[in-house]
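Just so you know, the sequences run in chain order E and R.
Everything in the first sequence is counted per the numbering used here, starting at 1 for the first residue and increasing by one.
Everything in the second sequence is counted per the numbering used here, starting at 97 for the first residue and increasing by one.
One thing to keep in mind: the hints can contain errors.
Stated by the list, open to error - Pairs of lysine to aspartate or glutamate, EDC-like flavour, derived with a Cα cap of 16 Å: (1) E:91 to E:8; (2) R:344 to E:8; (3) E:6 to E:80; (4) R:207 to E:76; (5) R:338 to E:64; (6) E:35 to E:76.
Said to hold, decoys possible - Computed from the model, here is a short list of chain E residues facing chain R with C-beta under 10 Å: (7) 2; (8) 10; (9) 16; (10) 21; (11) 27; (12) 30; (13) 40; (14) 43; (15) 50; (16) 62; (17) 63; (18) 70; (19) 82.
No lab work stands behind these hints, which were simulated from the structure alone.
Glycine residues also receive a C-beta, built at the ideal position from the N, C-alpha and C atoms.
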Amino acid sequence: MPKITKVEALQRTKVMMKREWALKKEPASNADLRKAPPTGLGKNNGQVRALEVPVEAVDFADVDADVAGSNLNAADTVAELRDVIWFAIPKANRSQ
Amino acid sequence: MSLLFSRSFGILLFAQVSCAIAEDEPLTARMFAGGDGVLDIREAALYIAYRDEVPLSKLLKPGQLALNSKDVAAALGDQIDDLRSATAHGQPWTWQELDSAYPPKKTKSQKLAETPKWRQMEGLTSAIKIGEDGANGSLGPIRLRKTADDLTKKDLKDAKGATVGFTYNRLQSGNGAWNSEGILDYPIALIRQLGPGSSLEFQAGPAVEWNLAETQEAGKNDVQELGFGLPMIFYWTPGREKMTGTYKENIAAGGDRIYSALWIGQVKPYFQTDFSFNHEIYGIEASLEYVGGLFGSRVFVGGFQNIGESGLQYQLRLIPKIDCSETAEAGEHTSRVEGDDWVRVGALASFDLRLGGASFNPWDLGVSYQFLETVSGDGDYSDLFKAHITWWLSEHAGISLNYSRGETPVADKEIDLLALNLELKF
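Looking at chain E on its own, in the form it has when it is part of the complex:
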């Protein structure tokens, strides 16, 4: 059974964002999702919520993430988004 650490979950989150939002480089964990660039990533709730598809079907599919799309919107930063995804991964697939 595949397991990931919390830091690996952050790395996957960054890779996903870089691909989905065509970012030049991976964002920092404290980068604000909504604030205007270059301070933040300048995205809206719709764009954050739309990540539910790659989270569950691609980037965290192997660890069975089952995230609530609306919960993704609660995240303000990259690390907070990772936290939402982290708690949506079954405990058996989390490596503490």
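Chain E is fixed; fit chain R onto it per the hints.
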């Protein structure tokens, strides 16, 4: 100050740093760089722990009397990974790299303290969450926007605000001319999880919208529309077949394809009249918007995308629409006659540019074009072109120059208006 970095060292050494820093001396990573001038993972972790005042309970187990730098590095794994992302290389890092790549962040309590009290009224200016962290839905807050199309933009910064303006030509008779366009609503949201990558949120709430464009003396050309509606909005992430390989296999198979996808549908039953309640039009309007990569391509629609690293962003929106309505009472502020009805289909396309927001107040400029073609009933074709440029003075207020030309979609009243407005939203 001498810092000897070994695999395990005492709290006293850690405390030495705080004693060594003069009160007016800025804290930098250089102080933790040791003799070689660079920081390895353990040194970087200690610096960040010290600077961000990470509590000891995160770094020590109960009864443990000495810090283990390996444990500190493990506890600060996120921040260390940020260094790797920002610098595109692993350890060691120069102290300059560390200071620029990982600046301190605000805590949640600091962020809350910065939010004005009037923005913290639950149910009115902030949402009441239903379920844990709002997993099942929310109530409110009250929203002020320009049109119903802006209600699907939950983020304040991405929505257009209600406009208001006034002119008074003293050479003409009359009391001056007001122009204003806006919508005020109170959303109630319910959320349900579906299959892989899929969920559905339903949002509804009463709304009142208005469009006023007075012409001072020549009152017959006035646009006066007052609408009452119940916009119902659906947010649906469609999901897709779950990939079954390992992480590396899935990422390799996906390539650079965009998987993000969100459908936003809106159905709005409405009643429209004028400010004297003369004409009466009943109808229902429906629209659909896609947010994500168009057909999985790199062309993103429905949200702002960065143009390089210039700080300039663009947004493309494509919204098909259908409108069915019937005129129960005619009036001077509609070109429609009593008893007419129609079914119209069409679309709204808009293109916006945004500059600023980080180091200076943002400028928004954009154009939109909406057309509706009658497929059944009375009437024929209507279209409406709009252009605007807005300079946001704050998160909630801006000055905008607006131009509208065409026919309003429900009352079918001709409009050709250039106005300098105050623009407000919350």
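Outcome of the hint check:
no.: 1; hint: E:91 to E:8; result: 15 Å, holds
no.: 2; hint: R:344 to E:8; result: 13 Å, holds
no.: 3; hint: E:6 to E:80; result: 12 Å, holds
no.: 4; hint: R:207 to E:76; result: 11 Å, holds
no.: 5; hint: R:338 to E:64; result: 9 Å, holds
no.: 6; hint: E:35 to E:76; result: 9 Å, holds
no.: 7; hint: 2; result: 7 Å, holds
no.: 8; hint: 10; result: 5 Å, holds
no.: 9; hint: 16; result: 9 Å, holds
no.: 10; hint: 21; result: 7 Å, holds
no.: 11; hint: 27; result: 7 Å, holds
no.: 12; hint: 30; result: 4 Å, holds
no.: 13; hint: 40; result: 7 Å, holds
no.: 14; hint: 43; result: 6 Å, holds
no.: 15; hint: 50; result: 4 Å, holds
no.: 16; hint: 62; result: 5 Å, holds
no.: 17; hint: 63; result: 8 Å, holds
no.: 18; hint: 70; result: 5 Å, holds
no.: 19; hint: 82; result: 8 Å, holds
Hint compliance for this structure: every hint is met.
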